[in-house]
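Visitor: Generate coordinates for the entire structure from the input sequences, incorporating the hints supplied.
Residue numbers (full-length UniProt numbering): 1 to 297.
Just so you know, not all the hints are guaranteed correct.
Label pairs and their calculated CB-CB ranges [as the list claims (entries may be wrong)]:
| hint | residue 1 | residue 2 | range |
| --- | --- | --- | --- |
| 1 | A269 | K34 | 39 to 45 Å |
| 2 | N185 | W274 | 48 to 54 Å |
| 3 | S250 | E76 | 26 to 32 Å |
| 4 | E261 | G241 | 35 to 41 Å |
| 5 | E120 | P82 | 29 to 35 Å |
| 6 | V231 | D31 | 29 to 35 Å |
| 7 | D31 | G121 | 30 to 36 Å |
| 8 | K254 | A183 | 41 to 47 Å |
| 9 | N184 | T18 | 38 to 44 Å |
| 10 | N220 | E174 | 24 to 30 Å |
| 11 | P74 | E120 | 25 to 31 Å |
| 12 | E207 | R267 | 29 to 35 Å |
| 13 | N215 | S250 | 47 to 53 Å |
Everything labelled a hint here was simulated from the structure, so no lab data went into it.
Glycine included, each C-beta is placed from N, C-alpha and C at the ideal position.
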Amino acid sequence: MIPFILTALALQQHVGRTSKANYMVEHLGIDRNKIVELGNLLYKNFGTTMAGLRAIGYDFDYDEYHSFVHGRLPYENLKPDPVLRSLLLSLPFRKVIFTNADKVHALKALSRLGLEDCFEGIICFETLNPTHKTAASDDEDDVAFVGPDSSAAANATTAPPPPTHHNNSPAPVEIFDIIAHFANNPNSNSNNSTLLPKSPIVCKPSEAAIERALNIANLNPQRTLFFEDSVRNIQSGKRVGLHTVLVGTSQRVKGADYALESIHNLREAIPELWELADIVTIKSPSDKVAVEQSVTA
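Guide: This is the structure in structure tokens:
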């Protein structure tokens, strides 16, 4: 559940960041001196580095990317969490993992924490991105993090799939220079995204991604608790209509209904969950779900 979010993210903070940088240099040919600035801009404006790379024109194999980035994580540092397991199993509500990560990574982390049987299912990268799209479409269900394209920005479109030369090597692809874009437009921000290209990858904090996850899991946002350690994901969830729980701090922020320093404080912070659980246990099986609990990673 949430320690999966917090612990897994702590696991990735250094090693994962280094692995992403190495992938960008070794597989995409990006200048290492630009990695930090580029990565920050992509994360801020597209939700994840991966989504941003695809938006600005880079094409690559998703499984290869995930394997490279997550394959070097020290999963052995994750330890079973019996306290959290007990909390989860004491609540007879639906519990679903919703993560931007791939399924292999999510399953490994849950297994190491001893929580793999505590959730109904996992909505992961592959769930929202079942096919490798070469470009974002205009379909209603394919709304990217940064919003609609701008026809006025001729150089701000996702590059087409690279053509192949007679020697089977890919031809050069024009890449949108997002660093130069913000250098030339210092007043630009992520709220004014019409000049940015659109990513074919669907992920949090996109409201469309959250809504799609709710539809897939058949969850009513007004009866669902959304646990997150990301403030911007919390705020997107709130706009969608979810009840929100920010984990990792006791300080509430805009969009957070609850704030927990640790998920282990859940019983003390939201005791009404257990009061509802007592009611649920005396209802008939058909009335079992009184609250639907969506847990994110």
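Visitor: Take the hints in turn and mark each one as holding or not.
Guide: Evaluated hints:
no. : hint                    : in the structure
1   : A269 / K34: 39 to 45 Å  : holds, 43 Å
2   : N185 / W274: 48 to 54 Å : holds, 51 Å
3   : S250 / E76: 26 to 32 Å  : holds, 30 Å
4   : E261 / G241: 35 to 41 Å : violated, 26 Å
5   : E120 / P82: 29 to 35 Å  : violated, 21 Å
6   : V231 / D31: 29 to 35 Å  : holds, 31 Å
7   : D31 / G121: 30 to 36 Å  : violated, 41 Å
8   : K254 / A183: 41 to 47 Å : violated, 30 Å
9   : N184 / T18: 38 to 44 Å  : violated, 30 Å
10  : N220 / E174: 24 to 30 Å : violated, 44 Å
11  : P74 / E120: 25 to 31 Å  : holds, 28 Å
12  : E207 / R267: 29 to 35 Å : holds, 30 Å
13  : N215 / S250: 47 to 53 Å : violated, 33 Å
Checked against the numbered hints above, the structure violates hints 4, 5, 7, 8, 9, 10 and 13; every other hint is satisfied.
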